[in-house]
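**Q** Single-letter residue listing:
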Amino acid sequence: MPAVSETIDAVASVTQGTYKYGFETEIDMEFAPKGLNEDIVRFISAKKNEPAWLLEWRLKAFALWKTMEEPRWPAVSYPPIDYQDAYYYAAPKKKVGPKSLDEVDPELLRTYEKLGIPLKEQAILAGVEGAGEVPAEGGEARMPVAVDAVFDSVSVATSYKERLAKEGIIFCSISEAVQEHPELVRQYLGSVVPQGDNFFAALNSAVFTDGSFVYIPKGVRCPMELSTYFRINAKSTGQFERTLIIAEAGSHVSYLEGCTAPMRDENQLHAAVVELVAMDDATIKYSTVQNWYPGDAEGRGGIYNFVTKRGACRGARSKISWTQVETGSSITWKYPSCILQGDDSVGEFYSVAITNNRQQADTGTKMFHIGRNTRSTIISKGISAGHGQNTYRGLVKISPKASGARNFTQCDSLLIGDQCGAHTVPYIENRCMTAKVEHEATTSRIAEDQLFYCRQRGLSEEDAVGLIVNGFCREVLKELPMEFAVEAQKLLQISLEGSVG
Amino acid sequence: MNAPVENSLSEAGLSAAGAAGFLHRYEGLRARLPGIGLPWLAALRDRAAEAFRAQGFPTRRVEAWKYTDLAPLTQTGFGEPLTPVESALPLPRHAAPKRVVFVDGRFSAELSDADVPVRSLARHLPELEGRLGALARTDDLPLVALNTALFEDGALIELGPDEDGGVVELLSVTRADRPVTAHPRHLVRLAEGARLVLIERSWGHGESRYLHSPVFEVEVAAGAHITHARIQQEASAGLHLSTVFARVAEGGTYDSFLLHVGAKLSRSEAHVALVGPKAAAHLNGAQLLGDGQHGDCTTFLDHAAPDCPSRQTVKTVLAGRSRGVFQGKIHVHQVAQRTDGYQMNQALLLSDQAEIDSKPQLEIYADDVKCSHGATVGELDENQLFYLRARGIPAAVARSMLIEAFLQEAIEGVTEESARAALSEAVAGWWERNAA
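Residue numbers (the working numbering), protein chains in the order written: chain A, 40 to 540; chain B, 12 to 447.
Rather than coming from a laboratory, the hints here were simulated on the basis of the structure.
From a predicted model like this one, the values you see are computed outputs, not experimental measurements.
Heads up, a few of these hints could be off.
[Unchecked claim] Below are the SDA-like pairs computed for lysine to any residue, each with C-alpha atoms no more than 25 angstroms apart in a straight line: (1) A:440 / B:77; (2) A:517 / A:262; (3) A:475 / B:405; (4) B:109 / B:244; (5) A:405 / B:355; (6) A:257 / A:387; (7) B:340 / A:416; (8) A:475 / B:445; (9) B:340 / A:262; (10) A:324 / A:288; (11) A:475 / B:415; (12) B:77 / A:470; (13) A:475 / A:445; (14) A:475 / B:355; (15) B:77 / A:110; (16) B:381 / B:288; (17) B:109 / B:264; (18) B:381 / A:493; (19) A:440 / B:80; (20) A:440 / B:289; (21) A:475 / B:406; (22) A:440 / B:301; (23) B:77 / A:438; (24) A:475 / B:363; (25) B:77 / A:235; (26) A:200 / A:387; (27) B:77 / A:445; (28) A:405 / A:473; (29) B:289 / B:346; (30) B:340 / A:110; (31) B:381 / A:483; (32) B:340 / A:456; (33) B:77 / A:109.
[Stated by the list, open to error] Quick list of simulated restraints, FRET-style, between CB atoms: (34) A:118 / B:49: 41 to 49 angstroms; (35) A:486 / B:397: 36 to 44 angstroms; (36) A:498 / B:436: 58 to 66 angstroms; (37) B:83 / A:121: 42 to 50 angstroms; (38) A:486 / B:173: 36 to 44 angstroms.
Each residue gets a CB set at the ideal place from its N, CA and C atoms; glycine is no exception.
Based on the provided sequences and hints, a complete structural model is requested.
**A** Listed below in C-alpha cells is the structure:
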C-alpha cells in the first residue's frame with residue numbers, strides 16, 4: 040500500500056513524536072467500494088452472512104438516515120462531511136484458525152504491542168488455540184482481563200472465552216452473536232437506541248460492521264473485567280461499532296473500552312452506538328478511555344467521534360454507571376445516558392474531558408427519571424487548554440411519576456491559557472413535586488498559589504500542572520478500574536503537554 | 012433532535028399566520044405612527060418590520076424558546092386599543108411617591124404626577140436619533156422587532172451627570188375589555204454618576220386576553236447606578252412579553268429585580284452587557300405562579316470587560332398546574348479577565364402538576380475567572396419541616412412558614428427600601444391567594 044506509507048511519511052515529518060500511538064499497520068485489507076447507498080448496506084450484510092431480518096433492519100435505518108439532518112446544535116465546528124467519500128467496510132483478510140503465534144499476522148501483533156494492551160497474553164489475543172488455559176505467572180497479583188480486540192471493523196480475537204462460557208457468559212463480537220445467538224440480538228438490538236434515534240445512530244444502524252456483544256445470565260457476577268480495544272486503522276474507513284450489553288436479573292459486569300488510533304492527516308468519522316440493558320438488581324459498569332488521534336497542533340487531522348451511548352435500567356434496583364476519560368479526538372460529540380425505568384434504579388456518569396490545541400468536545404449525559412425513587416449522579420470535569428473548546432451539555436428529566444427521585448450534578452471546568460473556552464449547558468426539566476435536583480458548576484483556572492506551592496517544592500511547571508489536574512479529576516479517576524486509572528493519569532499528562540510554559 | 016417534520020411545519024405555519032396580522036396592522040398604522048416623518052425613524056421601523064416578517068414569532072424549535080410556547084399569542088386576533096377614557100380607570104396604590112402612568116402603551120398626563128423626571132417618548136423623538144434603538148437588537152429578536160415597528164409611546168428618562176432621579180414608579184396599565192396589544196418603548200439614560208430607582212409595574216384590567224410587550228433600553232454611564240424593580244401583575248388572561256437591554260459602563264451598576272405574579276403567559280428577557288471595567292450587574296428575580304400560569308425568566312449576561320462582578324438569584328414557586336422556566340446565560344469574553352460571576356436558581360414545586368424547566372448556562376473564553384452557578388429543584392426540606400413540627404407547629408403552618416421564608420428570602424437582596432416594600436407587598440398578596 041504505497042499510498043498509505045506516503046501519508047505516514049508526510050504526516051510523520053510534520054508531527055513526529057507527539058502522538059505515541061501514531062503508527063499504521065500494513066496488512067492486507069478487504070474493502071467495499073467507496074460511498075454509501077443501499078447496495079453497500081446489502082454488501083455489508085451479505086459479507087457478514089446476516090439473516091434477512093437484520094438486512095431489513097439495516098435498510099430501514101438507512102431509509103431513516105436519508106431523511107435526517109446532521110445535528111448543528113453542538114458547540115463544535117468542522118467542515119462538512121462527505122458521507123459518500125468513505126469506505127464503509129474494511130476487514131483484515133482472515134487466515135483461518137491460527138494454530139500458533141507464527142500464523143498470526145506479525146504486523147497485527149506488533150500493533151497491540153505498541154498499544155500496550157495489558158496482555159502478556161498476546162498469544163491468547165491472537166486466538167492461538169490452547170493459550171488461554173495456561174494461568175498467567177503470578178496470576179494472583181492481577182485480575183485477569185478478557186479482551187475482545189477490534190481491529191478496524193472485525194473482531195480478530197477473543198480471549199478467556201472458555202472461562203466465561205463456563206459461567207454462561209457470552210462475550211463475543213456482535214457479528215458472531217448474530218450468527219450464534221440471533222434471538223438475543225434480535226430482541227435487544229435497537230431497543231435502547233432505535234434506528235431513527237439521531238443522525239449518527241441511524242448511520243451506524245445501517246452500516247455497523249462490528250463491535251462487542253455481552254450477555255450475563257441471571258445471578259452471575261462476571262469473574263473478570265471485560266475489555267475491548269478499538270483501533271481505527273485503514274485509511275478513509277469510518278468506524279461504526281455496535282456494542283450491546285445485556286445484564287440479566289441479579290448479574291454484574293464491568294466493561295472497559297479503550298481507544299487509540301494511528302496518526303493520520305485526514306479527518307475520520309467514528310460513529311458508534313452502545314446499548315446497555317440492566318434487569319432487576321443488575322449492575323453494569325462501563326468505563327471508557329478514549330484516546331483517538333486528536334489532530335495536530337494546528338487542528339489538522341484527527342478523529343470525529345460522534346457516539347450514541349445509552350443504557351436502560353429496565354429492572355428495579357438496577358444500576359448503570361458510565362465512566363469516561365476523553366483525551367483524544369479532534370471533535371467529540373457524546374452523551375452517555377441512562378433511562379431509569381425500574382423503581383429504585385441508579386444512574387451514574389463520571390467524566391473527564393480534555394481539549395488541547397484545536398480539539399473540541401461537546402459531551403455530557405442525559406438522565407431520564409421514570410421509576411420511583413430513582414437516583415442519578417453526574418460528575419463532570421472539563422479541562423481546556425491551547426485553543427480547545429469544551430462544553431458540558433446535560434439533561435436531567437424527571438417525569439411526574441418518578442416520586443422521590445434524586446439527582447446531583449457537579450460540573451467543574453478548568454481553563455489553562457487564555458485562548459480556550461469552557462462552557463456549561465445543563466438542562467433541568469422537573470415535573471415531579473417530590474423530586475430533588477441539585478446542580479453545581481464552577482469554572483476557574485489553576486490557582487497561582489497551588490502552582491507556587493508545587494514549584495517551591497521543586498516540581499517543574501509541567502509536572503505541577505499534571506499533579507493539579509490529576510487532583511482536579513480525582514473524583515472521576517477513582518471510579519476507573521485500577522489498570523485503566525493508571526493509564527488515564529498518564530494520558531491526562533500527555534494530553535496537556537505543551538499547554539503551559 | 013430530529014423531531015418529525017410535520018410538527019415543525021404546522022408550528023411554523025401558525026407562527027406565520029399570527030405574524031401576518033401584526034404586519035398587516037403595521038402597514039395600516041404606519042402613516043399615523045409617531046415620528047414617521049423622521050427619515051431615520053421611518054427607516055428604523057421599516058427595517059424592524061422587515062426583520063419581524065423574516066423571523067415570524069419564535070417557535071419552540073428556536074433554542075431560546077424551547078420551553079415557552081407562543082401559541083396563545085399566535086392564535087388570537089388582536090386589535091388596536093381605543094382612545095383612553097381615563098377617569099373610569101381604577102389604579103393600584105402608589106408604590107412610590109412619584110408616579111407616571113401609561114395606559115395601553117400611551118402616556119397619560121392626567122393620571123401621572125407632576126415633577127417626575129419622566130417624559131413622553133413620543134413627544135421627543137426628533138432628539139433621539141442614534142439613541143433610540145442603539146441597544147435593542149431586532150435581527151434575531153422578533154418581539155423586539157415588532158415593538159420597534161409598532162411602538163407609539165413610552166417613558167423617556169434622561170438624567171444628567173451626578174443627578175439623582177430619586178424613586179420613580181412607572182405604571183403600565185392595559186385595559187383588557189377586548190383583545191388589544193400594547194408595545195411601549197422605554198428609554199432610560201443615566202449620565203456619569205447619576206442615580207435612579209425605577210419601580211416598574213405592569214398592571215391589567217379586564218377579562219380579555221391581551222398582549223403587553225414593552226422594550227426597555229437602559230444606558231448606564233460610568234459610575235451611574237440604577238435600581239430597576241420590575242413587578243409584573245398583569246390581569247389573569249394577559250400575555251406579558253418584555254425585553255430589557257442594558258449597557259453598563261465602567262464602575263456603573265444595573266441592579267434589577269424581576270417579579271412575575273400575574274398574567275397567563277409571561278416571559279421577561281434581559282440582555283445586559285458589562286462594557287467597562289468594574290461594571291456590575293444584579294439580575295435577581297422571583298416567579299410566583301399559580302394554576303394555569305406560565306412564567307419564563309430568561310437572561311443573557313455579557314461580560315465584555317475585565318474585573319466585572321455579576322450576581323443572579325432567581326427563585327420560582329409553582330402551585331397548581333403551572334410551569335416555570337428559567338434560562339440564564341453568562342457569556343465571558345476573552346478580554347473579561349478577573350470576572351466574578353455567580354448564578355443561583357431555585358425552584359419549589361407545591362403541586363404534583365407543576366413543572367419547572369431550568370437552563371443555567373456558562374460560556375467562558377477567559378481563563379482568569381471565577382464563575383459558578385447552582386440550581387436546586389424540589390420540595391420543602393424535610394429537616395426544616397421536622398424542626399418546626401418538633402416544636403409543636405402544625406404541619407400546614409410549618410409548610411406555610413417555610414414557603415413564605417423562601418419567598419421573602421428572594422427579595423432580601425433588594426437594598427432599596429421602597430422597591431423592596433413594593434415587591435414584598437406583591438409577594439404577600441400572591442401568598443394570600445395561593446396559601447389555601
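**Q** Next step is simple, just say for each hint if it's right about the structure.
**A** For each hint, the structure was consulted:
Restraint check for residue 440 of chain A and residue 77 of chain B: satisfied, since their Cα atoms lie roughly 23 angstroms apart, inside the 25 angstroms limit. Distance hint between residue 517 of chain A and residue 262 of chain A is fulfilled; the C-alpha atoms sit about 21 angstroms from each other, no more than 25 angstroms. The suggested pairing of residue 475 of chain A with residue 405 of chain B holds, with an alpha-carbon distance near 24 angstroms, which does not exceed 25 angstroms. Pair hint residue 109 of chain B plus residue 244 of chain B holds up; C-alpha atoms about 19 angstroms apart against a cutoff of 25 angstroms.
Among the hinted pairs, residue 405 of chain A with residue 355 of chain B is consistent with the structure: their alpha-carbon atoms are about 21 angstroms apart, no more than 25 angstroms. Restraint check for residue 257 of chain A and residue 387 of chain A: the C-alpha separation of about 22 angstroms stays at or below 25 angstroms, so the hint holds. This hinted pair checks out: residue 340 of chain B and residue 416 of chain A have alpha carbons roughly 23 angstroms apart, not beyond 25 angstroms. About 22 angstroms separates the Cα atoms of residue 475 of chain A and residue 445 of chain B, which keeps this hinted pair within 25 angstroms; it holds.
The suggested pairing of residue 340 of chain B with residue 262 of chain A is violated, with an alpha-carbon distance near 47 angstroms, which exceeds 25 angstroms. At roughly 15 angstroms between alpha-carbon atoms, residue 324 of chain A and residue 288 of chain A fall within 25 angstroms of each other, so this suggested pair holds. For the proposed pair residue 475 of chain A and residue 415 of chain B, the alpha carbon gap of about 20 angstroms is at most 25 angstroms, so the pair holds. A C-alpha spacing of about 16 angstroms is found between residue 77 of chain B and residue 470 of chain A, which places the hinted pair at or below 25 angstroms, so the restraint holds.
With a CA separation close to 5 angstroms, the supplied pair residue 475 of chain A and residue 445 of chain A stays within the 25 angstroms bound. This hinted pair checks out: residue 475 of chain A and residue 355 of chain B have alpha carbons roughly 16 angstroms apart, not beyond 25 angstroms. Of the pairs offered as hints, the one joining residue 77 of chain B and residue 110 of chain A holds, with about 16 angstroms between alpha carbons and a cut-off of 25 angstroms not exceeded. Distance hint between residue 381 of chain B and residue 288 of chain B is fulfilled; the C-alpha atoms sit about 16 angstroms from each other, no more than 25 angstroms.
For the hint pairing residue 109 of chain B with residue 264 of chain B, the CA-to-CA distance comes to about 23 angstroms; that is within 25 angstroms, so the pair holds. Distance check on the hinted pair: residue 381 of chain B and residue 493 of chain A sit about 22 angstroms apart at the alpha-carbon level, within 25 angstroms; holds. Distance hint between residue 440 of chain A and residue 80 of chain B is fulfilled; the C-alpha atoms sit about 24 angstroms from each other, no more than 25 angstroms. Proximity of residue 440 of chain A to residue 289 of chain B is assessed by CA-CA distance (about 47 angstroms); at most 25 angstroms being required, the pair is judged violated.
For the suggested pair residue 475 of chain A and residue 406 of chain B, the alpha carbons sit about 20 angstroms apart, so the restraint of at most 25 angstroms is met. Pair hint residue 440 of chain A plus residue 301 of chain B holds up; C-alpha atoms about 21 angstroms apart against a cutoff of 25 angstroms. For a cut-off of 25 angstroms, the pair hint linking residue 77 of chain B to residue 438 of chain A stands: about 18 angstroms separates their Cα positions. As the CA atoms of residue 475 of chain A and residue 363 of chain B are separated by approximately 13 angstroms, the hinted pair is consistent with the 25 angstroms bound.
Distance restraint check for residue 77 of chain B and residue 235 of chain A: the Cα-Cα separation of roughly 22 angstroms lies within the 25 angstroms cut-off, and the hinted pair is therefore satisfied. This hinted pair does not check out: residue 200 of chain A and residue 387 of chain A have alpha carbons roughly 29 angstroms apart, beyond 25 angstroms. For the hint pairing residue 77 of chain B with residue 445 of chain A, the CA-to-CA distance comes to about 24 angstroms; that is within 25 angstroms, so the pair holds. Straight-line distance between C-alpha atoms of residue 405 of chain A and residue 473 of chain A comes to about 20 angstroms, which keeps the hinted pair within the 25 angstroms bound.
Annotation: proposed proximity of residue 289 of chain B to residue 346 of chain B holds, straight-line Cα distance about 13 angstroms (limit 25 angstroms). Distance restraint check for residue 340 of chain B and residue 110 of chain A: the Cα-Cα separation of roughly 22 angstroms lies within the 25 angstroms cut-off, and the hinted pair is therefore satisfied. Only pairs whose Cα atoms come within 25 angstroms are accepted, and residue 381 of chain B paired with residue 483 of chain A is accepted, the gap being roughly 5 angstroms. For the proposed pair residue 340 of chain B and residue 456 of chain A, the alpha carbon gap of about 23 angstroms is at most 25 angstroms, so the pair holds.
Using a Cα cut-off of 25 angstroms, the hinted pair residue 77 of chain B and residue 109 of chain A holds, with the two alpha carbons roughly 19 angstroms apart. For residue 118 of chain A and residue 49 of chain B, the Cβ-Cβ distance of about 47 angstroms falls inside the hinted range of 41 to 49 angstroms, so the restraint holds. The hinted window of 36 to 44 angstroms between residue 486 of chain A and residue 397 of chain B holds, with their beta carbons roughly 39 angstroms apart. Taking 58 to 66 angstroms as the suggested C-beta distance range, the pair residue 498 of chain A and residue 436 of chain B conforms, at roughly 60 angstroms.
Evaluation of the 42 to 50 angstroms hint for residue 83 of chain B and residue 121 of chain A yields a pass: the beta carbon distance comes to about 45 angstroms. For residue 486 of chain A paired with residue 173 of chain B, a C-beta distance near 40 angstroms keeps the hint of 36 to 44 angstroms intact.
Going down the numbered hints, you'll see the structure goes against 9, 20, 26, while the others check out.
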